[in-house]
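Its first residue numbered 1, the sequence shown is counted upward by one per residue in the UniProt record's numbering.
One or more hints might be untrue.
Derived lysine to aspartate or glutamate pairs resembling DMTMM-like cross-links, with alpha carbons at most 20 angstroms apart [stated by the list, open to error]:
1) Lys86 with Asp164
2) Lys130 with Asp164
3) Lys386 with Glu276
4) Lys383 with Glu267
5) Lys99 with Glu133
6) Lys86 with Glu133
7) Lys99 with Asp52
8) Lys256 with Asp101
9) Lys383 with Asp237
10) Lys383 with Glu315
11) Lys386 with Asp375
12) Lys328 with Asp375
13) Lys328 with Asp345
14) Lys378 with Glu276
15) Lys253 with Glu315
16) Lys256 with Glu276
17) Lys86 with Glu100
18) Lys386 with Asp237
19) Lys253 with Asp237
20) Lys328 with Glu263
21) Lys170 with Glu80
What follows is a set of in silico ranges between Cβ atoms, one per label pair, in the way DEER data are often shown [stated by the list, open to error]:
22) Lys383 with Ser83: 26 to 34 angstroms
23) Arg67 with Arg241: 42 to 50 angstroms
24) Gln260 with Asp164: 28 to 36 angstroms
25) Val72 with Pro259: 53 to 61 angstroms
26) Gln102 with Ser373: 23 to 31 angstroms
27) Asp345 with Val166: 19 to 27 angstroms
28) Gly126 with Pro283: 44 to 52 angstroms
29) Asp164 with Gln102: 45 to 53 angstroms
30) Glu63 with Asn270: 15 to 23 angstroms
31) Thr122 with Arg241: 33 to 41 angstroms
32) Arg241 with Lys386: 25 to 33 angstroms
33) Gly126 with Asn270: 39 to 47 angstroms
Honestly, the hints are just simulated from the structure, not real lab data.
Glycine is no exception: its CB is placed at the ideal position from the N, C-alpha and C atoms.
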Amino acid sequence: MLATHAPPSLINPLQLFRSHSLFSRAISPFSATRSLFVRTVASMAGVNSSPDHVVGTWYSVPELRLRNHRFVVPLDYSLEPRSSPKISVFAREVVAVGKEDQLLPYLLFLQGGPGFECPRPTEASGWIHKACEEFRLILMDQRGTGLSTPLTPSSMSQFKSAEDLVGYLKHFRADNIVNDAEFMRVRLVPDAGPWTILGQSYGGFCAVTYLSFAPQGLRQVLLTGGTPPIGNGCTADTVYRVCSEQIILQNEKYYKRYPQDIEIVREVVNYLAASEGGGVLLPSGGILTPRGLQTLGLSCLGTSAGFERLHYMFEGVWDPVLVPGAPKQISYYFLNAFERSIAFDTNPLYALLHESIYCQGASSSWSAHRIRSEDEGKFDAIKAAKEGRPVPFMGELM
Numbered sequence: 001m002l003a004t005h006a007p008p009s010l011i012n013p014l015q016l017f018r019s020h021s022l023f024s025r026a027i028s029p030f031s032a033t034r035s036l037f038v039r040t041v042a043s044m045a046g047v048n049s050s051p052d053h054v055v056g057t058w059y060s061v062p063e064l065r066l067r068n069h070r071f072v073v074p075l076d077y078s079l080e081p082r083s084s085p086k087i088s089v090f091a092r093e094v095v096a097v098g099k100e101d102q103l104l105p106y107l108l109f110l111q112g113g114p115g116f117e118c119p120r121p122t123e124a125s126g127w128i129h130k131a132c133e134e135f136r137l138i139l140m141d142q143r144g145t146g147l148s149t150p151l152t153p154s155s156m157s158q159f160k161s162a163e164d165l166v167g168y169l170k171h172f173r174a175d176n177i178v179n180d181a182e183f184m185r186v187r188l189v190p191d192a193g194p195w196t197i198l199g200q201s202y203g204g205f206c207a208v209t210y211l212s213f214a215p216q217g218l219r220q221v222l223l224t225g226g227t228p229p230i231g232n233g234c235t236a237d238t239v240y241r242v243c244s245e246q247i248i249l250q251n252e253k254y255y256k257r258y259p260q261d262i263e264i265v266r267e268v269v270n271y272l273a274a275s276e277g278g279g280v281l282l283p284s285g286g287i288l289t290p291r292g293l294q295t296l297g298l299s300c301l302g303t304s305a306g307f308e309r310l311h312y313m314f315e316g317v318w319d320p321v322l323v324p325g326a327p328k329q330i331s332y333y334f335l336n337a338f339e340r341s342i343a344f345d346t347n348p349l350y351a352l353l354h355e356s357i358y359c360q361g362a363s364s365s366w367s368a369h370r371i372r373s374e375d376e377g378k379f380d381a382i383k384a385a386k387e388g389r390p391v392p393f394m395g396e397l398m
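Please model the complete structure; the sequences and the hints are all you need to start from.
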């Protein structure tokens, strides 16, 4: 979440926001969107491809050939190209071995998130192997992630104020991800032809934005579970209320499968709450608090084998007491496993921009915080432990 007033959605079909402030609510007709994209694409066509597009050499992983592309793109596409600050956007081209020079249709993969880079292929397997049977696959690191001018805790610390940082972050949403994709398409696809896009999770949100703002660049659109809120009644509040109900259900299923973990998790929460500073030091220097512990639900409550990963983590939560009278303490194994399960340190855009993706023409006004507080105490880890209730893990309420 970025601010009390989160941005209006950029996925509202046939609409464009007149103001480019993160907090703007004003909208203008789609014709303005059309003119912006026409102007953007027109400006692309007149640019020498050498300075703004660097193509790497081919290299190999088992059964695949890959090469890297780096594009120099405007930070702010609403400005004239020469006046906008520039950032770098990275994409990886992937084909099956022997198909480097074949005339293949292009497939752009839009990664889930927000705030996560594309997968790094190590071999021809899974969906990438299947896609490369008939497509030239483009794996784009969305701006601010991976190798695309990544926004990290250290890089963002360069800004002198929160206001300056917010002003910068407003350029890292779905509208500019689409602008970057169009910038790449006219340079990669022969005759600047259309391509197919595959949107996974938040990538599906970006795909719908693409359909709304630049349909001329699209041949086919494939979505895998990422459908954004486009109805007037679908707001961040609506999404988070449904999400909170699902979180409760997943917790019930987890504790039904592993009832022995009810007492273990309670004990850990009580230990953390009683520790100096309300938590214990993590290997990276952060603090594990009861509320932080609940975030394990993000990676474990809704994924394949997530229940099992969570259970096995708590199997090793305590260090053995080797010396009589030595104090009980949480194991390094558990603390390290916790850090590897949570990506806020390495991919902060996920937490910073997550709530804004559900905004459809209205401010979210810190929706996740409000929804979490509506049923007082339901998600309070310390209160649940004291009352002898199962401690709930959390999901995407942020």
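Taking the hints in turn, this is what the structure says about them:
For the given pair, Lys86 sits about 17 angstroms from Asp164 by alpha-carbon distance, which is consistent with the 20 angstroms threshold. For the hint pairing Lys130 with Asp164, the CA-to-CA distance comes to about 43 angstroms; that exceeds 20 angstroms, so the pair is violated. Between the alpha carbons of Lys386 and Glu276 the distance comes to roughly 18 angstroms, so the proposed pair stays at or under 20 angstroms and holds. Between Lys383 and Glu267 the CA atoms are separated by roughly 13 angstroms; this keeps the pair inside 20 angstroms, and the hint holds.
For the hint pairing Lys99 with Glu133, the CA-to-CA distance comes to about 9 angstroms; that is within 20 angstroms, so the pair holds. Between Lys86 and Glu133 the CA atoms are separated by roughly 35 angstroms; this puts the pair beyond 20 angstroms, and the hint is violated. With a C-alpha separation of about 26 angstroms, the suggested pair Lys99 and Asp52 falls outside the 20 angstroms cut-off, and the hint is violated. Simply put, Lys256 and Asp101 have alpha-carbon atoms about 55 angstroms apart, too far for the 20 angstroms limit, and the pair is violated.
Straight-line distance between C-alpha atoms of Lys383 and Asp237 comes to about 24 angstroms, which puts the hinted pair past the 20 angstroms bound. Our distance criterion of 20 angstroms between C-alpha atoms is broken by Lys383 and Glu315, whose separation comes to about 23 angstroms. A hinted pair counts as satisfied when its Cα atoms are at most 20 angstroms apart, and Lys386 with Asp375 qualifies at roughly 17 angstroms. Taking the CA atoms of Lys328 and Asp375, the gap is near 34 angstroms; set against the 20 angstroms cutoff, the hint is violated.
Between Lys328 and Asp345 the alpha-carbon distance is near 28 angstroms, which puts this suggested pair outside the 20 angstroms criterion. For the suggested pair Lys378 and Glu276, the alpha carbons sit about 25 angstroms apart, so the restraint of at most 20 angstroms is broken. Of the pairs offered as hints, the one joining Lys253 and Glu315 holds, with about 18 angstroms between alpha carbons and a cut-off of 20 angstroms not exceeded. As the CA atoms of Lys256 and Glu276 are separated by approximately 33 angstroms, the hinted pair breaks the 20 angstroms bound.
Distance restraint check for Lys86 and Glu100: the Cα-Cα separation of roughly 30 angstroms exceeds the 20 angstroms cut-off, and the hinted pair is therefore not satisfied. With a CA separation close to 29 angstroms, the supplied pair Lys386 and Asp237 exceeds the 20 angstroms bound. Between Lys253 and Asp237 the CA atoms are separated by roughly 25 angstroms; this puts the pair beyond 20 angstroms, and the hint is violated. Under the criterion of a C-alpha separation no larger than 20 angstroms, the hint pairing Lys328 with Glu263 is consistent with the structure, at around 16 angstroms.
A C-alpha spacing of about 18 angstroms is found between Lys170 and Glu80, which places the hinted pair at or below 20 angstroms, so the restraint holds. A C-beta distance of roughly 54 angstroms is found between Lys383 and Ser83, which places it outside the suggested range of 26 to 34 angstroms. Take Arg67 and Arg241: their Cβ atoms lie about 46 angstroms apart, and the range 42 to 50 angstroms holds. Between Gln260 and Asp164 the beta carbons are some 50 angstroms apart, a value that contradicts the proposed interval 28 to 36 angstroms.
Look at Val72 against Pro259: about 56 angstroms separates their beta carbons, and that is inside 53 to 61 angstroms. For the pair Gln102 and Ser373, the beta carbons lie near 57 angstroms from each other, so the given range of 23 to 31 angstroms is not met. In this structure, Asp345 and Val166 meet the distance hint of 19 to 27 angstroms, their C-beta atoms being roughly 20 angstroms apart. Between Gly126 and Pro283 the Cβ separation comes to about 31 angstroms, which falls outside the hinted range of 44 to 52 angstroms.
In this structure, Asp164 and Gln102 meet the distance hint of 45 to 53 angstroms, their C-beta atoms being roughly 47 angstroms apart. Checking the proposed 15 to 23 angstroms range against Glu63 and Asn270 shows it is violated: the Cβ atoms sit about 52 angstroms from each other. Between Thr122 and Arg241 the C-beta distance comes to about 40 angstroms, which sits within the given range of 33 to 41 angstroms. Arg241 and Lys386 have their C-beta atoms about 26 angstroms apart, which keeps the hinted 25 to 33 angstroms range intact.
Our hint of 39 to 47 angstroms for Gly126 and Asn270 holds, since their Cβ atoms are close to 42 angstroms apart.
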